[in-house]
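Numbers 1 to 91, taken from the UniProt record's numbering, label the letters of the sequence shown in order.
These are computed hints drawn from the structure, not numbers from a lab.
Do not rely on the hints blindly, as some may be mistaken.
[As the list claims (entries may be wrong)] Estimated spans, in silico, between C-beta atoms of each pair:
1) Glu5 x Asp53: 31 to 39 Å
2) Glu5 x Gly48: 20 to 28 Å
3) Arg84 x Glu5: 22 to 30 Å
4) Val72 x Glu5: 15 to 23 Å
5) Pro33 x Val11: 16 to 24 Å
6) Gly55 x Val11: 30 to 38 Å
7) Ile14 x Gln34: 15 to 23 Å
8) Ile8 x Arg51: 28 to 36 Å
9) Thr13 x Ala77: 26 to 34 Å
10) Gly55 x Thr31: 34 to 42 Å
11) Thr31 x Glu5: 16 to 24 Å
12) Asp10 x Arg84: 21 to 29 Å
Idealized CB from N, CA, C, for every residue including glycine.
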Amino acid sequence: MALLEAPIDDVVTIAPDERYPGDWRVIRGLTQPQLAAAAGIATNTLRGIERADQGLTAANASALAQILGISVEQYRAAYQRARRRPPGTPA
């Protein structure tokens, strides 16, 4: 979003209590490989977490939340929303 000189959350307008894990990542301007590397996990692991196809460990929740600048509780809530999303809904 540097090109537009605007923060991403000016364009991605999803209320914090409706965000999925991938929304938090996009709003922070990170790709999956960037966030995974910063958290010390495999990109495939992050993909699974964001889709809620893979379990979220306490260590991963803590690392991801810290990098994204949110609380562990916020990240866990986003993960739970992804787990409960209707079939066919993008995570």
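Hints and how they fare:
1. Against the hinted window of 31 to 39 Å, the Cβ-Cβ separation of glutamate 5 and aspartate 53 comes to about 36 Å, which satisfies the hint.
2. Between glutamate 5 and glycine 48 the C-beta distance comes to about 34 Å, which lies outside the given range of 20 to 28 Å.
3. The hint said 22 to 30 Å for the Cβ distance between arginine 84 and glutamate 5, and at roughly 36 Å that hint is violated.
4. A beta carbon spacing of about 32 Å between valine 72 and glutamate 5 contradicts the range 15 to 23 Å that was offered as a hint.
5. Between proline 33 and valine 11 the C-beta distance comes to about 22 Å, which sits within the given range of 16 to 24 Å.
6. At about 31 Å, the CB distance of glycine 55 to valine 11 agrees with the hint of 30 to 38 Å.
7. Range check, isoleucine 14 to glutamine 34: about 20 Å between beta-carbon atoms, so the 15 to 23 Å window is met.
8. Take isoleucine 8 and arginine 51: their Cβ atoms lie about 21 Å apart, and the range 28 to 36 Å is violated.
9. Checked against the hint of 26 to 34 Å, the C-beta distance between threonine 13 and alanine 77 comes to roughly 19 Å, which is inconsistent with it.
10. Range check, glycine 55 to threonine 31: Cβ separation about 23 Å, and the 34 to 42 Å hint is violated.
11. A C-beta distance of roughly 20 Å is found between threonine 31 and glutamate 5, which places it inside the suggested range of 16 to 24 Å.
12. At roughly 28 Å, the beta carbons of aspartate 10 and arginine 84 sit within the given window of 21 to 29 Å.
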